[in-house]
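Based on these hints, arrange chain B on the given structure of chain A.
Quick mapping for you: the protein sequence lines, in order, are chains A and B. Take 2 as the starting number for the first sequence in the numbering used here and just add one per residue. Take 2 as the starting number for the second sequence in the numbering used here and just add one per residue.
Hints are computed from structural coordinates only; laboratory data are not their basis. Owing to the predicted nature of the structure, the values given are computational and were not obtained by experimental measurement. Be careful, since some hints might not be right.
[Stated by the list, open to error] No more than 25 angstroms apart at the CA atoms, straight line, and that leaves these computed lysine to any residue pairs for SDA-like:
| hint | chain 1 | residue 1 | chain 2 | residue 2 |
| --- | --- | --- | --- | --- |
| 1 | B | Lys128 | A | Glu42 |
| 2 | B | Lys128 | B | Gln24 |
| 3 | B | Lys128 | A | Arg115 |
| 4 | B | Lys128 | A | Gly41 |
| 5 | B | Lys128 | A | Arg90 |
| 6 | B | Lys128 | A | Ile80 |
| 7 | B | Lys128 | A | Met76 |
| 8 | B | Lys128 | A | Asp63 |
| 9 | B | Lys128 | A | Arg127 |
| 10 | B | Lys128 | A | Ser84 |
| 11 | B | Lys128 | A | Gln27 |
| 12 | B | Lys128 | A | Gln87 |
| 13 | B | Lys128 | A | Ser73 |
| 14 | B | Lys128 | A | Asn39 |
| 15 | B | Lys128 | A | Pro88 |
| 16 | B | Lys128 | A | Asp121 |
| 17 | B | Lys128 | A | Glu79 |
| 18 | B | Lys128 | A | Asp112 |
| 19 | B | Lys128 | B | Asp23 |
| 20 | B | Lys128 | A | Leu71 |
[As the list claims (entries may be wrong)] Covered by chain A, per the in silico footprint, the following chain B stretches (three or more residues, Cβ under 8 angstroms):
| hint | region |
| --- | --- |
| 21 | 14-27 |
| 22 | 45-58 |
| 23 | 61-72 |
| 24 | 92-98 |
No residue lacks a Cβ here, since even glycine has one placed at the ideal position from N, Cα and C.
There are 2 protein chains.
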Amino acid sequence: MIGLLIVSHSRKIAEGVKELADQMTQARVPIVAAGGTNEGELGTSADLIADGAAQLAAHGVDGMLVLVDLGSAVMSAEIALESVAQPYRLSNAPLVEGALIAAVEASVGADLDRVAAAADQTRELRKIDSNE
Amino acid sequence: MIGLLIVSHSRKIAEGVKELADQMTQARVPIVAAGGTNEGELGTSADLIADGAAQLAAHGVDGMLVLVDLGSAVMSAEIALESVAQPYRLSNAPLVEGALIAAVEASVGADLDRVAAAADQTRELRKIDSNE
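If we strip away everything but chain A, and leave its shape as in the complex, we get (with noise of 0.2 angstroms):
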């Protein structure tokens, strides 16, 4: 099964999000938040996104997506992420949105590549009917 790691510059995001997700999947999808600091502040840690991808890949995934809120979070999840034997996908996709998908997605058994694809697909979704 493929897992998730969702980094965000909050960690109440990033908790917030995995609740979620694992709501809407019955925790079946493996799913790791790393937001925030070591110390819980606003920003990013390598260090924290190198353990969710340490837990990740503990609980055998067969391969991670990488969700993350700013672009600014993109190097710390590379620098975290070198030394991840794992298949992993850093994903462009909106953070909330498509880490919701992306666990459904996962929660049927779908592979890597279509895992990322529905997340990119959230990019083109209509929440409001009425307007533009």
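Leaving out everything else, chain B in the frame of chain A:
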């Protein structure tokens, strides 16, 4: 000034988005988090959203951009906003990314159309240079 109303199924996500946007704008933009149910569980609450809109109104905003996580939050928001006197717009933008960019745009005095457009443009955001 335009204010932002952050509607999420998760209180943590909504609060985290507010904290991050407040940091990016040095809290110059009125932002209210309306996440979770009245009890703080996962879900949405028209009451909380209405309270949030009232807080923004009390702050004297010229308009409100309302960002949501999932389409299923839209109905709660629409019910909650029925009696709002200020101009408001429900946004199709990704919650986290849209809110952060909208906050920056609002902080420089942009009007509701421009704040909403800036949020919408985050659909096109490329966080990762190397893939896709």
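Tested hints:
{"no.": "1", "hint": "B:Lys128 - A:Glu42", "in the structure": "holds, 22 angstroms"}
{"no.": "2", "hint": "B:Lys128 - B:Gln24", "in the structure": "holds, 20 angstroms"}
{"no.": "3", "hint": "B:Lys128 - A:Arg115", "in the structure": "holds, 19 angstroms"}
{"no.": "4", "hint": "B:Lys128 - A:Gly41", "in the structure": "holds, 23 angstroms"}
{"no.": "5", "hint": "B:Lys128 - A:Arg90", "in the structure": "holds, 13 angstroms"}
{"no.": "6", "hint": "B:Lys128 - A:Ile80", "in the structure": "holds, 16 angstroms"}
{"no.": "7", "hint": "B:Lys128 - A:Met76", "in the structure": "holds, 10 angstroms"}
{"no.": "8", "hint": "B:Lys128 - A:Asp63", "in the structure": "holds, 24 angstroms"}
{"no.": "9", "hint": "B:Lys128 - A:Arg127", "in the structure": "holds, 20 angstroms"}
{"no.": "10", "hint": "B:Lys128 - A:Ser84", "in the structure": "holds, 21 angstroms"}
{"no.": "11", "hint": "B:Lys128 - A:Gln27", "in the structure": "violated, 29 angstroms"}
{"no.": "12", "hint": "B:Lys128 - A:Gln87", "in the structure": "holds, 22 angstroms"}
{"no.": "13", "hint": "B:Lys128 - A:Ser73", "in the structure": "holds, 8 angstroms"}
{"no.": "14", "hint": "B:Lys128 - A:Asn39", "in the structure": "holds, 23 angstroms"}
{"no.": "15", "hint": "B:Lys128 - A:Pro88", "in the structure": "holds, 19 angstroms"}
{"no.": "16", "hint": "B:Lys128 - A:Asp121", "in the structure": "holds, 12 angstroms"}
{"no.": "17", "hint": "B:Lys128 - A:Glu79", "in the structure": "holds, 12 angstroms"}
{"no.": "18", "hint": "B:Lys128 - A:Asp112", "in the structure": "holds, 22 angstroms"}
{"no.": "19", "hint": "B:Lys128 - B:Asp23", "in the structure": "holds, 21 angstroms"}
{"no.": "20", "hint": "B:Lys128 - A:Leu71", "in the structure": "holds, 7 angstroms"}
{"no.": "21", "hint": "14-27", "in the structure": "holds (count 8)"}
{"no.": "22", "hint": "45-58", "in the structure": "violated (count 0)"}
{"no.": "23", "hint": "61-72", "in the structure": "holds (count 4)"}
{"no.": "24", "hint": "92-98", "in the structure": "holds (count 6)"}
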